[in-house]
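Produce the entire structure from the sequences given, and follow the hints as far as they go.
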Amino acid sequence: MRILIIGAVAAGTSAAAKARRNDDNAEIVIYEKDKDISYSGCGLPYYIGGEIEDIGELTPRNSAFFKKKYNIDVVTEHEVIKIDIEARTIAVKNMSTDEVFIDKYDKLVIATGAAPFIPNIEGVKNDNVFFLRNVRDARNIKSFILERKPKNAVIAGTGFIGFEMLENLMAQGINVTIVEKQNKITPNLDEDMAALLESILVKKGINITKSAGIVGIHKDKVILEDSRELASDMVIMATGVKPNISLAKEAGIEIGTTGAIKVNTKMQTNLKDIYSCGDCIETFSSITGKSVYRPLGSTANKTGRIAGDALTGGALEYRGNLSTAIFKLFDLTIASTGLSEREAIAEGYEVVICHNIKPDKPEYFHGKEMTIKAVGDKSTQKLLGVQIVGYEGVDKRIDVFATLLTYSAKVDDLFHLDLAYAPPFSTTKDPVHYTGMILDNALNKNRPIITAKEAQSLVNKGEKIQVIDARISKQFEESHVDKAINMPQDKLRDELKTLDKDALTITYCNKGVTGNAAQNILINHGFSKVYNLSGGHKFYKETKDK
Numbered sequence: 321m322r323i324l325i326i327g328a329v330a331a332g333t334s335a336a337a338k339a340r341r342n343d344d345n346a347e348i349v350i351y352e353k354d355k356d357i358s359y360s361g362c363g364l365p366y367y368i369g370g371e372i373e374d375i376g377e378l379t380p381r382n383s384a385f386f387k388k389k390y391n392i393d394v395v396t397e398h399e400v401i402k403i404d405i406e407a408r409t410i411a412v413k414n415m416s417t418d419e420v421f422i423d424k425y426d427k428l429v430i431a432t433g434a435a436p437f438i439p440n441i442e443g444v445k446n447d448n449v450f451f452l453r454n455v456r457d458a459r460n461i462k463s464f465i466l467e468r469k470p471k472n473a474v475i476a477g478t479g480f481i482g483f484e485m486l487e488n489l490m491a492q493g494i495n496v497t498i499v500e501k502q503n504k505i506t507p508n509l510d511e512d513m514a515a516l517l518e519s520i521l522v523k524k525g526i527n528i529t530k531s532a533g534i535v536g537i538h539k540d541k542v543i544l545e546d547s548r549e550l551a552s553d554m555v556i557m558a559t560g561v562k563p564n565i566s567l568a569k570e571a572g573i574e575i576g577t578t579g580a581i582k583v584n585t586k587m588q589t590n591l592k593d594i595y596s597c598g599d600c601i602e603t604f605s606s607i608t609g610k611s612v613y614r615p616l617g618s619t620a621n622k623t624g625r626i627a628g629d630a631l632t633g634g635a636l637e638y639r640g641n642l643s644t645a646i647f648k649l650f651d652l653t654i655a656s657t658g659l660s661e662r663e664a665i666a667e668g669y670e671v672v673i674c675h676n677i678k679p680d681k682p683e684y685f686h687g688k689e690m691t692i693k694a695v696g697d698k699s700t701q702k703l704l705g706v707q708i709v710g711y712e713g714v715d716k717r718i719d720v721f722a723t724l725l726t727y728s729a730k731v732d733d734l735f736h737l738d739l740a741y742a743p744p745f746s747t748t749k750d751p752v753h754y755t756g757m758i759l760d761n762a763l764n765k766n767r768p769i770i771t772a773k774e775a776q777s778l779v780n781k782g783e784k785i786q787v788i789d790a791r792i793s794k795q796f797e798e799s800h801v802d803k804a805i806n807m808p809q810d811k812l813r814d815e816l817k818t819l820d821k822d823a824l825t826i827t828y829c830n831k832g833v834t835g836n837a838a839q840n841i842l843i844n845h846g847f848s849k850v851y852n853l854s855g856g857h858k859f860y861k862e863t864k865d866k
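If you use the working numbering, the sequence shown corresponds to residues 321 to 866, in order.
Careful, some of the hints might be misleading.
Below are the BS3-like pairs computed for lysine-lysine, each with C-alpha atoms no more than 27 Å apart in a straight line [unchecked claim]:
1. Lys504 x Lys562
2. Lys811 x Lys861
3. Lys504 x Lys858
4. Lys849 x Lys773
5. Lys592 x Lys569
6. Lys610 x Lys413
7. Lys413 x Lys387
Quick list of the computed label-pair ranges, beta carbon to beta carbon [stated by the list, open to error]:
8. Phe650 x Ser699: 36 to 44 Å
9. Lys586 x Glu399: 21 to 29 Å
10. Asp738 x Lys817: 55 to 63 Å
11. Asp810 x Gly846: 16 to 24 Å
12. Thr409 x Lys389: 27 to 35 Å
13. Asp733 x Gly493: 44 to 52 Å
14. Asn590 x Asp719: 58 to 66 Å
15. Ile785 x Lys541: 43 to 51 Å
Hints are computed from structural coordinates only; laboratory data are not their basis. Being a predicted model, the structure only gives us computed values, none of them experimental. Yeah, the Cβ is synthetic: ideal placement off N, Cα and C, and Gly gets one too.
Here you go:
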């Protein structure tokens, strides 16, 4: 059997390696139009920033490696320009000589990846404008910095690449402004969590401009939609990617609703003996079952392995994804998995959410707080999604949540997890446990929670609300929620007669625990509608102006 694979980065090489493990007699050839293969694209910003000194660490495998280890032929700088379905052949162009030749396949894998989305902006093709997608791009950016020594830079986009480039350009002593066309940063976060992240970054002195796209790029400045000018010697366009589908589309391969190649759970396209994997395909959400486009390295490797197994008779099938993602930004870690609140509401779920602020480990072991936003479904009581902004230990928690989502856990399952505990690693009740407790209390123990946005909506509708600050007076005097009255928890019982038992009442403290205690007191004394403010005063203060 002759297996031809188009593309030699994550998905293509994974497909080839798995196919070889299953069938040692097959002829396997990979064609790659680039010079570099099987590289770590996610590590490229850290090479630019100097954290990774040798780019060879990101490109550890070459054609000789695959030939020696797997007996796979990887032919670089050769572009596949046509697929002939009837003849079961591909036309291949040698990019050094322009020679075109024909190769025949029994099984074909399309792993053509994705390309940067290039917006229609004046000056976007200038030599000081860069997209970061491959090793060549990283080398060009690094060379530009070393040779031109730019003082100012603009980054367009606040996704993973945009923020990772922010950190690494600043590490080179460059003054950076990050520009986001939308009214919120970070596409994978809801508005409230994006506002929290923005608040933290602004305190760090990061220049962020929202709700203003770029309309013009010059050698020393960038022009925004509102006519503002930003000093800029170089521009990084982190404006997202689009799947490379032209080759597949011309061959008659079906394109899905997301604009990427449509495959089944075995990575088969609509055409016999043709498979596809990686950043050029659409996958599906394991929660909703609906098609999604998620060009992530982890997904590319997984779908590549499944393609290689399926075409050699294996039983592996894709089970969907949760869009789990994580990235580092200075000393921060930002992660998400499952559905956001916005996505869950759009899917028709009646959601319950909470904001849980807890340290990753005890303060005496230098624990730092993380803010966990969890989304649950009121009907089934299942966990739907989680977002975390924090410092240490975020990776551990997001993986726990992703595992829970994979197996359709209910919110009360979180408390019963037997998680590892020792003071250097966690608190006795882990932040994961607390998240489950808060959601379970809201759903099953008549201890509802409310967000500041929801409370404001009720005020706008004319609902009578009384807001109780359960903190000590000094904290209240320093800062408090609008229209709140101060009733410290230890004095609350003595003040009950001054409150209206029938009015909607909101309690809060710094982060939620004392607010919940005050909520319990009021409910136990016959107050009919009592909510605890999600995330407490701390989350309210950090996000209210964003």
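Tested hints:
1. For the hint pairing Lys504 with Lys562, the CA-to-CA distance comes to about 22 Å; that is within 27 Å, so the pair holds.
2. The suggested pairing of Lys811 with Lys861 holds, with an alpha-carbon distance near 24 Å, which does not exceed 27 Å.
3. As the CA atoms of Lys504 and Lys858 are separated by approximately 20 Å, the hinted pair is consistent with the 27 Å bound.
4. Pair hint Lys849 plus Lys773 holds up; C-alpha atoms about 17 Å apart against a cutoff of 27 Å.
5. Of the supplied pair hints, the one linking Lys592 and Lys569 holds, its CA atoms being roughly 15 Å apart against a limit of 27 Å.
6. At most 27 Å may separate the alpha-carbon atoms for a hinted pair to count; Lys610 and Lys413 exceed this at roughly 37 Å.
7. Note on Lys413 and Lys387: the hinted pairing holds, with a Cα-Cα distance of about 21 Å set against a maximum of 27 Å.
8. A hinted range of 36 to 44 Å holds for the C-beta pair Phe650 and Ser699, which are about 40 Å apart.
9. Here the CB-CB span from Lys586 to Glu399 is close to 27 Å, well matched to the stated 21 to 29 Å.
10. Distance hint check: the CB atoms of Asp738 and Lys817 are about 46 Å apart, inconsistent with the given range 55 to 63 Å.
11. Between Asp810 and Gly846 the beta carbons are some 20 Å apart, a value that agrees with the proposed interval 16 to 24 Å.
12. A hinted range of 27 to 35 Å for the beta carbons of Thr409 and Lys389 is consistent with their spacing of about 28 Å.
13. Between Asp733 and Gly493 the Cβ separation comes to about 49 Å, which falls inside the hinted range of 44 to 52 Å.
14. Separation of Asn590 from Asp719 is about 35 Å and departs from the stated range, judged on CB atoms against 58 to 66 Å.
15. Ile785 and Lys541 have their C-beta atoms about 48 Å apart, which keeps the hinted 43 to 51 Å range intact.
The structure does not agree with the numbered hints 6, 10 and 14 stated previously, though it agrees with the rest.
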